[in-house]
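**Q** Kindly generate the complete structure, drawing on both the sequences and the hints.
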Amino acid sequence: MKALALLCFLAISINTDGREWKHMKQYCTTTSRDTLGESDWLKKDRKHCTEKWTNANRYNISRANGYKQYRSFAQKNAFYYWLDNAYRCKGNEVQWPGIAYEVTKRLRILDSWPIQKLIIPNKQFVAFMQECNELILQNVFTDLHNLYESNVALTGIAARHWDTVLIHKEQCAVLDTLYAQQPEKVIHKLNRMTQGKGLYGIALPRKLRNDTDIRSCDNRCRYGLHIIAPYHKEHRSN
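Under numbering that gives the first Met the number 0, think of the first position of the sequence shown as 0, with each following residue one higher.
If you are wondering where the hints come from, they were derived from the structure by calculation, not from laboratory data.
Honestly, I wouldn't trust all of these hints.
[Unchecked claim] Below 30 Å or equal to it, Euclidean Cα-Cα: the simulated DSS-like pairs (lysine-lysine) are:
#1 K196 - K168
#2 K104 - K43
#3 K168 - K24
#4 K122 - K67
#5 K184 - K206
#6 K42 - K67
#7 K196 - K122
#8 K89 - K122
#9 K21 - K46
#10 K232 - K67
#11 K206 - K116
#12 K104 - K196
#13 K116 - K184
#14 K43 - K24
#15 K116 - K89
#16 K21 - K43
#17 K206 - K89
#18 K51 - K232
#19 K51 - K116
#20 K46 - K89
#21 K122 - K42
#22 K46 - K67
#23 K89 - K184
#24 K43 - K67
#25 K51 - K122
Fair warning: this is a prediction, and the values are worked out from it, not measured in the lab.
**A** Next comes the structure, spelled out in structure tokens:
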């Protein structure tokens with residue numbers, strides 16, 4: 000029974016269906032293949048925005064479960080950066096990917112084990128942030144796919160409407176129940192982070208600071224649309 004349990008654990012743990020690999024040796028050893036799959040990429044591909052990274056994103060955005068390939072905050076952050084630029088190249092003026100990029104950019108530090116242990120040793124808070132980001136990408140992925148495949152670019156009022164609908168979907172319809180389940184200490188920490196209080200003020204630019212209670216989905220939507228979106232538009236590379 001112990002041997003069977005171990006085999007089941009390994010089967011679940013080693014998922015070879017597309018993902019980021021540290022290096023080619025890890026990929027070859029794990030999959031017994033010598034060529035990366037369409038949805039696979041190496042860490043250095045993401046870091047340097049290589050053609051392989053771009054092609055993997057294009058492949059993943061075309062698949063219903065493509066969101067599963069982006070697991071860490073850093074991977075989601077790089078995906079949103081790619082998607083924001085891909086939309087703009089198609090003539091779209093939507094801002095949601097830019098908002099998601101700025102948020103995950105600040106959360107990338109939570110991928111670090113030392114940060115989790117020494118700076119933010121609140122496992123419940125880290126788990127909450129991870130679940131939020133997984134649920135967001137999972138639930139908006141179809142919307143992202145549809146716009147990417149569309150031949151009609153969204154501009155002006157149509158783009159603003161798309162942003163508003165999508166951010167209300169992920170923050171209110173998807174996350175509101177999860178927020179309501181969190182203990183006060185978790186929400187308090189998130190409020191301090193978004194308000195730039197204490198040590199968080201060092202990492203959070205003044206123009207990105209929020210002065211409302213983050214537990215309200217309406218406040219979170221306004222924060223995204225009226226604070227984060229303008230900041231991203233001002234600071235992104237043209």
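**Q** Would you mind marking each hint as holding or not holding in the structure?
**A** Hint check:
{"no.": "1", "hint": "K196 - K168", "in the structure": "28 Å, holds"}
{"no.": "2", "hint": "K104 - K43", "in the structure": "18 Å, holds"}
{"no.": "3", "hint": "K168 - K24", "in the structure": "41 Å, violated"}
{"no.": "4", "hint": "K122 - K67", "in the structure": "22 Å, holds"}
{"no.": "5", "hint": "K184 - K206", "in the structure": "25 Å, holds"}
{"no.": "6", "hint": "K42 - K67", "in the structure": "16 Å, holds"}
{"no.": "7", "hint": "K196 - K122", "in the structure": "20 Å, holds"}
{"no.": "8", "hint": "K89 - K122", "in the structure": "40 Å, violated"}
{"no.": "9", "hint": "K21 - K46", "in the structure": "11 Å, holds"}
{"no.": "10", "hint": "K232 - K67", "in the structure": "28 Å, holds"}
{"no.": "11", "hint": "K206 - K116", "in the structure": "29 Å, holds"}
{"no.": "12", "hint": "K104 - K196", "in the structure": "18 Å, holds"}
{"no.": "13", "hint": "K116 - K184", "in the structure": "17 Å, holds"}
{"no.": "14", "hint": "K43 - K24", "in the structure": "13 Å, holds"}
{"no.": "15", "hint": "K116 - K89", "in the structure": "42 Å, violated"}
{"no.": "16", "hint": "K21 - K43", "in the structure": "8 Å, holds"}
{"no.": "17", "hint": "K206 - K89", "in the structure": "29 Å, holds"}
{"no.": "18", "hint": "K51 - K232", "in the structure": "27 Å, holds"}
{"no.": "19", "hint": "K51 - K116", "in the structure": "34 Å, violated"}
{"no.": "20", "hint": "K46 - K89", "in the structure": "24 Å, holds"}
{"no.": "21", "hint": "K122 - K42", "in the structure": "26 Å, holds"}
{"no.": "22", "hint": "K46 - K67", "in the structure": "19 Å, holds"}
{"no.": "23", "hint": "K89 - K184", "in the structure": "43 Å, violated"}
{"no.": "24", "hint": "K43 - K67", "in the structure": "20 Å, holds"}
{"no.": "25", "hint": "K51 - K122", "in the structure": "34 Å, violated"}
Violated hints, listed in ascending order, are 3, 8, 15, 19, 23, 25; each of the other numbered hints is respected by the structure.
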